[in-house]
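Visitor: Counting with the working numbering, you get residues 6 to 300 for the letters of the sequence shown.
In short, the hints are calculated from the structure, not lab data.
Everything numeric in this text was worked out from a predicted model, so none of it was measured.
Ideal Cβ placement from N, Cα and C applies to all residues, glycine included.
Do not rely on the hints blindly, as some may be mistaken.
[To be verified] Quick list of the computed label-pair ranges, beta carbon to beta carbon: (1) K213 / D56: 36 to 46 Å; (2) F134 / F11: 54 to 64 Å; (3) K213 / E57: 16 to 26 Å; (4) G103 / N41: 16 to 26 Å; (5) K25 / E99: 49 to 59 Å; (6) T199 / G129: 47 to 57 Å.
[Said to hold, decoys possible] Restricting the straight-line Cα-Cα distance to at most 25 Å, the calculated cross-link-like pairs of lysine to aspartate or glutamate (DMTMM-like) are: (7) K79 / E99; (8) K182 / E16; (9) K173 / D210; (10) K213 / E39; (11) K50 / E249; (12) K213 / D123; (13) K151 / E228; (14) K78 / D123; (15) K117 / D128; (16) K78 / E220; (17) K63 / E150; (18) K25 / E180; (19) K88 / E228; (20) K88 / E39; (21) K63 / D269; (22) K148 / E180; (23) K27 / E228; (24) K136 / E99; (25) K182 / D56; (26) K151 / D202; (27) K63 / E249; (28) K63 / D128.
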Amino acid sequence: MSRTDFNTLLEAGAHFGHLKRKWNPKMAPYIFMEKNGIHIIDLHKTVLKVDEAAAAIKQIAKSGRRVLFVATKKQAKEIVAEKVAAVGMPYVTERWAGGMLTNFPTIRKAVKKMATIDKMTNDGTFDNFSKREKLQIARQRAKLEKNLGSIADLTRLPAALFVVDVQKEANAVKEAKRLSIPVFAMVDTCCDPTDIDYVIPANDDAAKSIAVIVEAMCAAIAEGTEERRLEKEKEAQETEASAEVAPRKEGKPRIKKAVKAMADAEEEAVKEIVTAVETPYEEPVAVEPADEKAE
Numbered sequence: 006m007s008r009t010d011f012n013t014l015l016e017a018g019a020h021f022g023h024l025k026r027k028w029n030p031k032m033a034p035y036i037f038m039e040k041n042g043i044h045i046i047d048l049h050k051t052v053l054k055v056d057e058a059a060a061a062i063k064q065i066a067k068s069g070r071r072v073l074f075v076a077t078k079k080q081a082k083e084i085v086a087e088k089v090a091a092v093g094m095p096y097v098t099e100r101w102a103g104g105m106l107t108n109f110p111t112i113r114k115a116v117k118k119m120a121t122i123d124k125m126t127n128d129g130t131f132d133n134f135s136k137r138e139k140l141q142i143a144r145q146r147a148k149l150e151k152n153l154g155s156i157a158d159l160t161r162l163p164a165a166l167f168v169v170d171v172q173k174e175a176n177a178v179k180e181a182k183r184l185s186i187p188v189f190a191m192v193d194t195c196c197d198p199t200d201i202d203y204v205i206p207a208n209d210d211a212a213k214s215i216a217v218i219v220e221a222m223c224a225a226i227a228e229g230t231e232e233r234r235l236e237k238e239k240e241a242q243e244t245e246a247s248a249e250v251a252p253r254k255e256g257k258p259r260i261k262k263a264v265k266a267m268a269d270a271e272e273e274a275v276k277e278i279v280t281a282v283e284t285p286y287e288e289p290v291a292v293e294p295a296d297e298k299a300e
């Protein structure tokens, strides 16, 4: 099943690349032609790459792992936040904090700090602070929420990264490659696709183009998550069924073995008693000491 089609991408303007003088020669395999000084992306290849990326991202979701979406450019923020939040995946749309992947433990400490402030607010501890302290804590909480709120439930490193603009999110790509985390990305004609594991050649500046690609990825994630849920339900049902049947099959042989063991023990005990009764009594023979015989 195709995740998108040629006409949908065409209507979204996904075929428009950058000016010829700004192109990256490594994107040549994905360029169809040049028109009015602008490179035109081959959408047939884009369709194939979208399907390839969607299949891989679906398997990641099916395995229960997370995909981190990164899109800090203005026209992509709202689109990514809305569509990615719907499938329960983490995303970064404000600013890529340096070390968000390579220094993940420190980022987790900042997230825990935000959770601690929330806890203080709920249990009434926050009311004991002065007005100035409350203002400082509230500002700190707002800053943390803005930068890290969307990854608050990301307890471990993501299994993959999805990037909208490779040039703008260069730091995120570098950190992912350093940790051997696969990168999915929308790559325009001015970008270098070398460090991208799953290249999706498309216009990364048009909001409609971004929406089509991100929606295809989110649909794949939703499918993977649903399949995982169904498999878990099936496993639970099979476990319950086997738990109900197992005692009936295994219980009777165990009881028979126990009864047979008791019968054998009783039979041995009876034989010992009969043997003891039937054996004639013999008085012990007195033995003279050796020294007396010598005398």
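Visitor: Could you run down the list of hints and mark each one as holding or not?
Guide: Against the structure, the hints come out as follows:
no. : hint                    : in the structure
1   : K213 / D56: 36 to 46 Å  : 20 Å, violated
2   : F134 / F11: 54 to 64 Å  : 60 Å, holds
3   : K213 / E57: 16 to 26 Å  : 22 Å, holds
4   : G103 / N41: 16 to 26 Å  : 39 Å, violated
5   : K25 / E99: 49 to 59 Å   : 33 Å, violated
6   : T199 / G129: 47 to 57 Å : 55 Å, holds
7   : K79 / E99               : 9 Å, holds
8   : K182 / E16              : 33 Å, violated
9   : K173 / D210             : 11 Å, holds
10  : K213 / E39              : 22 Å, holds
11  : K50 / E249              : 53 Å, violated
12  : K213 / D123             : 37 Å, violated
13  : K151 / E228             : 29 Å, violated
14  : K78 / D123              : 29 Å, violated
15  : K117 / D128             : 16 Å, holds
16  : K78 / E220              : 17 Å, holds
17  : K63 / E150              : 29 Å, violated
18  : K25 / E180              : 30 Å, violated
19  : K88 / E228              : 14 Å, holds
20  : K88 / E39               : 33 Å, violated
21  : K63 / D269              : 61 Å, violated
22  : K148 / E180             : 23 Å, holds
23  : K27 / E228              : 38 Å, violated
24  : K136 / E99              : 29 Å, violated
25  : K182 / D56              : 23 Å, holds
26  : K151 / D202             : 29 Å, violated
27  : K63 / E249              : 35 Å, violated
28  : K63 / D128              : 41 Å, violated
The structure is inconsistent with the numbered hints 1, 4, 5, 8, 11, 12, 13, 14, 17, 18, 20, 21, 23, 24, 26, 27, 28, although it conforms to all the rest.
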